[in-house]
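Chains as they are written, first to last, in our numbering: chain A, 245 to 468; chain B, 348 to 646.
Hints were generated in silico from the structure; no laboratory data involved.
One or more of the hints may lead you astray.
Just so you have them, the derived chain B footprint on chain A, three or more residues with Cβ under 8 angstroms [what the hints assert, rightly or not]: (1) 299-310; (2) 330-341.
Pairs of lysine-lysine, DSBU-like flavour, derived with a Cα cap of 35 angstroms [stated by the list, open to error]: (3) B:Lys-565 with B:Lys-534; (4) A:Lys-359 with B:Lys-534; (5) A:Lys-359 with B:Lys-376.
Non-contacting residues of chain A with respect to chain B, defined by C-beta distances greater than 12 angstroms in every case (computed) [unchecked claim]: (6) Val-267; (7) Gly-296; (8) Asp-323; (9) Asp-438.
Glycine included, every Cβ here is placed at the ideal spot set by N, Cα and C.
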Amino acid sequence: MQWLWENRDLVGGLLLQHVALSVPPIIASLLVCIPLGRLANRFRLTRGLILGFFGLLFTIPSLALFVTLPAILGTKILDPINVEVALTIYAAAIMVRGAADAYASVSREVLQSAKAVGYSSGSRFWKVELPLAGPVLLANLRVVSVTTVSLLSVGALVANGGLGYLFTNGYQRAFPTEIVIGIVLTLLIALIFDQILVAIGRLLMPWEKATRSPSTSLQRVEVG
Amino acid sequence: MIEFITVSKLYPGGTLAVDEFSLVIPAHKTVVLVGSSGCGKTTLLRMINRMEAPTGGSIEIDGEDISKTNPVSLRRRIGYVMQNSGLLPHRKVVDNIATVPLLEGMNRSRARVLALELMETVGLEANLADRYPSQLSGGQQQRVGVARGLATDPNILLMDEPFGAVDPIVRSDLQLELLRLQRELGKTVVFVTHDIDEAFLLGDEVVILEKGAQIAQKGSPEQILARPASEFVADFVGTRKGKRRLSLSSQPADKAGEFVVVDGTGRPAGVLELEPGELLGAASKARSVSDKTAQAGDA
Ligand SMILES: Nc1ncnc2c1ncn2[C@@H]1O[C@H](COP(=O)(O)OP(=O)(O)OP(=O)(O)O)[C@@H](O)[C@H]1O
Ligand SMILES: [Mg+2]
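Work the whole structure out from these sequences, hints included.
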């Protein structure tokens, strides 16, 4: 505790950095998967291609990805962009299947009836299909959020930034307190992100609370 | 007026759901398409709002070939009520009812006023306005579906077994409500059902269909009852052996001039009241009694 107090500026800075670095991949994966999931759910062929491709990406060892990305992207070795891109790839790899499932969870009957009363295909996507896919999308996004927050710690091996520094530094100095603090704070961020996502979900999908049904809970999530 | 001109529908799977169907549906009347499952009723209905495209023939609304219209605007000016209400689960009742006006850019407060008016029209309590569809009973959902169908004040209302999924008591409520509405509104209603009692109750004209949407008979309920065109029709409406084949029971009623009537299965169907010397008119009267007892029997 005393160590924490003495190093509060360092830890506070790392904490903020961790937050700042984990948000973009989470949002980027959602933005990428909203159209990709839709496409994957549309045709059998695109489903195979998209899910297969992202499944493949997911099997790349993270460290290998971290160190090869600079070469591919032409960035500096320690540039945080590398970590951001790598995390976005992992997040999207997890998210894309969930997104496809999310669209599959939307009742075809409802979509048909929306069309029958006069939705154009564009407005039907934005006002009917996407909102109704929302609950399953959110459930998957929660998994992505937790994963990204914890995976970011690995990034400390190859770039500056984030609570991962406490792990590497604590390990080098054989100082377990520092590692434990790193773990606790990482968990804390993951938990707070999760609560924020749940709150956003309540706000955007008020019908869910009113009509809670089992098909939209976390049980639909399959990772990988 | 809606006109089917030798319309056919061959589904990609190879099912000929509709085979050269021709029919004129007059304006401001209720036409009921009735027939057993799979005979093509839904397909006929869905071709009117271009949810399905005919593979042969054409459909005209007020003389205009609908295949030349914009499908989205066509659907917006035709009310469509489905069996399982087809409501949007993520929209409140008011927003569901005002779906099309909102799509057309009506502002929310006006849409709400309109929706509340329509709720009253279809007999829904105003306090249901802010519920979601899953918080309503099946009968209430159907009323919301009807209100949504009326929201743009369309000339045409398509109804595909709208009362098929509710219990008999609620169904007969909804049927009577629809009759009342139709007296006030005078829409061109195309109503699909496989329940012949419902068809006779609601239809100004009833079209009995066989497989492939072949017309077995069309006419007013009276005409069909009086002169079934074939054994198929007689069986379907129940005048051959069913509950519409009425005869006088040997059992005399207590009051003079009254007779117990039994149906084709021997079950008592009601009481027939005769003035002395009215015996000749009895046949027609018995038929109208049967209509009402059939209703009561359902409830
Ligand atoms: N989208 C489709 N693709 C292929 N075949 C279809 C499709 N829709 C309907 N059919 C077939 O066309 C025929 C007529 O179907 P339709 O839904 O019009 O019948 P229906 O009279 O409405 O029956 P029900 O009373 O059961 O609703 C059936 O044999 C059905 O299997
Ligand atoms: Mg049908």
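Now for the hints, and whether the structure bears them out:
For the region 299-310 of chain A, the assignment as covered by chain B is violated, since 0 residues bring a beta-carbon within under 8 angstroms of that chain's beta-carbons and 3 are needed. Coverage of the region 330-341 of chain A by chain B is violated [criterion: at least 3 residues with CB-CB distance below 8 angstroms; count 0]. Using a Cα cut-off of 35 angstroms, the hinted pair Lys-565 of chain B and Lys-534 of chain B holds, with the two alpha carbons roughly 20 angstroms apart. A distance of roughly 22 angstroms separates the Cα atoms of Lys-359 of chain A and Lys-534 of chain B; the hinted pair therefore holds under the 35 angstroms criterion.
A threshold of 35 angstroms between alpha carbons decides the hint, and for Lys-359 of chain A with Lys-376 of chain B the separation of about 26 angstroms falls inside it, so the pair holds. With a least CB separation of 27 angstroms from chain B, Val-267 of chain A remains clear of the 12 angstroms interface cut-off, as annotated. At roughly 28 angstroms from the closest C-beta of chain B, the C-beta of Gly-296 of chain A stays outside 12 angstroms, upholding its exclusion from the interface. Non-interface call for Asp-323 of chain A relative to chain B: holds, since the shortest CB-CB distance, roughly 42 angstroms, exceeds 12 angstroms.
Asp-438 of chain A, annotated as away from the interface, keeps every beta carbon of chain B farther than 12 angstroms; the closest lies near 23 angstroms.
Checked against the numbered hints above, the structure violates hints 1 and 2; every other hint is satisfied.
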